[in-house]
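Participant: As a plain string of letters, each chain reads:
There are 2 protein chains.
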Amino acid sequence: MTSTAQTALDQLCDHARQTALLSSTLSLLEWDERTKLPSAGGDYRAEQIAYLAGLIHQRETDPKIGHWLDSLEGSPLAADRHSDDGTTVRQIRREYDKKTRLPQDLVEAIARTSVQSQQVWVEARRQKDYARFRPHLEVMIRLKREEAAALGYEDDPYDALLDEYEPDARTGQVAHVLGQLRDALQPLVQSIVDSGRTPNRSILERSFPRDRQEQFGRRLAEQIGFDFNEGRLDETVHPFCAGMGPRDTRITTRYEPFVASSIYTILHEAGHGIYDQQLRSEVYGLPPGNAVSLGIHESQSRMWENFVGRSRAFWEHWYGPLQEAFPDATSGVPLDDFYFLINDVHPSLIRVEADEATYNLHILVRFELEHDLIGGGLSVDDLPEAWNAKYEQLLGITPPDDAQGVLQDVHFSAGLFGYFPTYSLGNLYAAQIFEQAERDLGDLADMFRRGEFTPLRQWLGENIHQHGQRYTAAELVERITGKPLSHEPLMKYLRGKFAPLYGLK
Amino acid sequence: MTSTAQTALDQLCDHARQTALLSSTLSLLEWDERTKLPSAGGDYRAEQIAYLAGLIHQRETDPKIGHWLDSLEGSPLAADRHSDDGTTVRQIRREYDKKTRLPQDLVEAIARTSVQSQQVWVEARRQKDYARFRPHLEVMIRLKREEAAALGYEDDPYDALLDEYEPDARTGQVAHVLGQLRDALQPLVQSIVDSGRTPNRSILERSFPRDRQEQFGRRLAEQIGFDFNEGRLDETVHPFCAGMGPRDTRITTRYEPFVASSIYTILHEAGHGIYDQQLRSEVYGLPPGNAVSLGIHESQSRMWENFVGRSRAFWEHWYGPLQEAFPDATSGVPLDDFYFLINDVHPSLIRVEADEATYNLHILVRFELEHDLIGGGLSVDDLPEAWNAKYEQLLGITPPDDAQGVLQDVHFSAGLFGYFPTYSLGNLYAAQIFEQAERDLGDLADMFRRGEFTPLRQWLGENIHQHGQRYTAAELVERITGKPLSHEPLMKYLRGKFAPLYGLK
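Protein chains in written order, with this note's numbering: chain A, 1 to 505; chain B, 1 to 505.
Hints listed in this document are in silico derivations from the structure and should not be mistaken for laboratory results. Hints are not guaranteed to be accurate.
Remember, identical chains collapse to one label, so a pair may be satisfied in a single copy or spanning two.
[To be verified] Here are the simulated EDC-like pairs of lysine to aspartate or glutamate, each with C-alpha atoms no more than 20 Å apart in a straight line:
hint	residue 1	residue 2
1	K36	D211
2	K36	E222
3	K36	E47
4	K505	D194
Between the sequences and the hints, there should be enough to build the whole structure, so can you do that?
Facilitator: This is the structure we're talking about:
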């Protein structure tokens, strides 16, 4: 019996590893498109990508997978759900069932609508014309409801969509913890606004040459542990991190006039990159070697970007080198001014430009609205008004037009419903995990002050990265911190940081 | 009847276009490996490449192709062998028969031996130790003879191997024209040596900053017609040109201290690139949209590199801009000195460093030896001695060791028997075609002097590139020039150029 199961397992793993050869090749096609592809090459690249995506889909829904899983489930090999083999069987079953439940014509309709809808969205945003985008959004929402119905769910159709990005999470739990975050965060942001304090922003006008920004960003990424023997840094319009293979992880950034933009983009993407680089390369392409969820992935990028990179201790180490790299631009700017500037909290209209406190309120707007859109409690006709009302309610500001309001993000047009909450889950995970790291490792600020980032990186490797998909995100957090996910560590961190800066309480 | 044939043709073309989606993706994997891949990523990249190569081989030997061809051959669709459809049927038949004749275990044995043998060759060359490489070469030659036997040939097993790189060429014809070239070239080179003249080489020691070399090289490539909207230039150790898709052609170079190295690498690779860019993109992946042979491809790179880029007229236009880009390095160097230096002819040991006159003698050494190795007239034991004797005979110099002799090129170790002659065929084609271009277009030197390269580029597009594989290389040359390939145009060009420089006759 075991021998049959072992054969099935070997075949299942070979199949998955071969599929990973294609998926990683697809990643290269996409990375190249966004960083190197000559402008005229886009149409053919789209054909290459569609063709490879089709081959991958065929392989992932191959009925052989079902047969192998059938002979494995119930076998001793898969008995321990947290072993490598148990994880492999459980997670491949999960993905296989989801993928085979979706009718091919629905998958294609969503892909087609997503391309069209994004094109219309770009134009609608340019013209500040929601009406133009409205019918496409309506179609997309109908298709995503069909997708949820095909995938199946217990109470809430949004569950089925959320599960794509944050596997095994449930809408109710997420709504609960994000609701508590909202209720605690709003008064904090209000008291920051009420303090009337603002940093000196004149340094924003100074010149930080692009080449030196890149050199400095590379030093930072290297210092926190991103391995350039197994990775690259390139320039792109919309920054991202792509794991391209077991020892090939590529991050990108863009360069704005003020250096903080590239510094925080690079730290953020390097945080993602370190996760990918510390996955177990010997099981690359199998569930024990894959990242667990978007939320946990985001917790890694957010931790290095904010908890480390926006800390005062970090800059006690790095401000000297920054001044050496940009002597003119930093002249006459004391560390405290710089530190306040990179922690400048103020309600604003655009999510991707938001500070680390108000950011989660931007997410809450989107999460609550898209939940209602999918559930049917909100119509696409009423969406812009509902959006503006939420901004007024949560951030105290109202968008002057839909380009700065409901049309600002690509997600709705691309059909990425269920994606937004993973950004805030990432912040919550980061806070709770960072708190535990400090408990385990001692005074992290003191390490950062000395430029020591290896202990934290290794701790994250051992506690998170090495596990791959062995545990769900929720299990992982509880296993590491002894508690289920809560808003309290993040609130404690934010209060601890911003109370002194803004003279609160 | 036609309707069945039309269906078969559509299916055959769809199949070929889909295979091209994979082949072009494979090109990206290879381009990336040679230009961007992080150092640790090589092992996995090799797996990705092997996997895609396997998928492509499966598709190219799919028995369905045989069935489609069977219903097409004899149909009116394929009646005109030079029409698009006729070309498609004829050329796919050609490739399908070749690929299906090779036993899978032989293909794998050659691939495996090639990897091992190249590794041993690198080490053997480093240690100047032919004995170490000898047994691997022996195995490779045995396998290549098996390959020739499996492919089939009339008189000469070398025919079957040559056909891989220069389709439809025959060893006898190639040996004849190269033999005539040898007999005419040797006395010319001898009289150049006897003249005792040499250029002033002191400029070689001056400094040409890398960034400005790149800028200057880009200007040159752009000016001769390489389209950067559909292409890129990157840095690499071993320069190459890769057609990555219908509107995506990438060239690479390396940067040496003296600027001529990057200038001529870029002009050479841009010459290849212009061929790829001027293929018909609407039939990309089908024989009418593919390049005809390595020899014709090389004729395009050699034409732009040598016939254009090493002409005095070219530098009458470009020497001013070169002096502006490198004022210190060119100071006190008159145009005539620079022109003589980039046309410095002298027998040397290393093929890739050879000038345009002696280069073909290096090729003749290799062609005659590898022909004998495959034919059985020369044993691997006697190869180094035979190599040195040929160098003494053809170039009047003897390698001091095998690293500068028989071990200098990768080709034998990689099993690329039949490849070398295409380099000289390229030079011969270039001369004969360039002569005709001048007949058709008028005084080309006068155009180059004015910086006008568009007429030549368009003429090449109309007469060569647009035809794809409609004609064989031999047919194409005869069609364009009205004569079969001959050594005379090249000899006339070389004498015309070098007689005044070296004060001959």
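Participant: Compare the structure with each hint and give your call.
Facilitator: Tested hints:
1. K36 <-> D211: For K36 and D211, both the intra-copy (18 Å) and inter-copy (19 Å) Cα distances are at most 20 Å.
2. K36 <-> E222: between (23 Å within a copy, 18 Å between copies)
3. K36 <-> E47: within (17 Å within a copy, 23 Å between copies)
4. K505 <-> D194: within (12 Å within a copy, 95 Å between copies)
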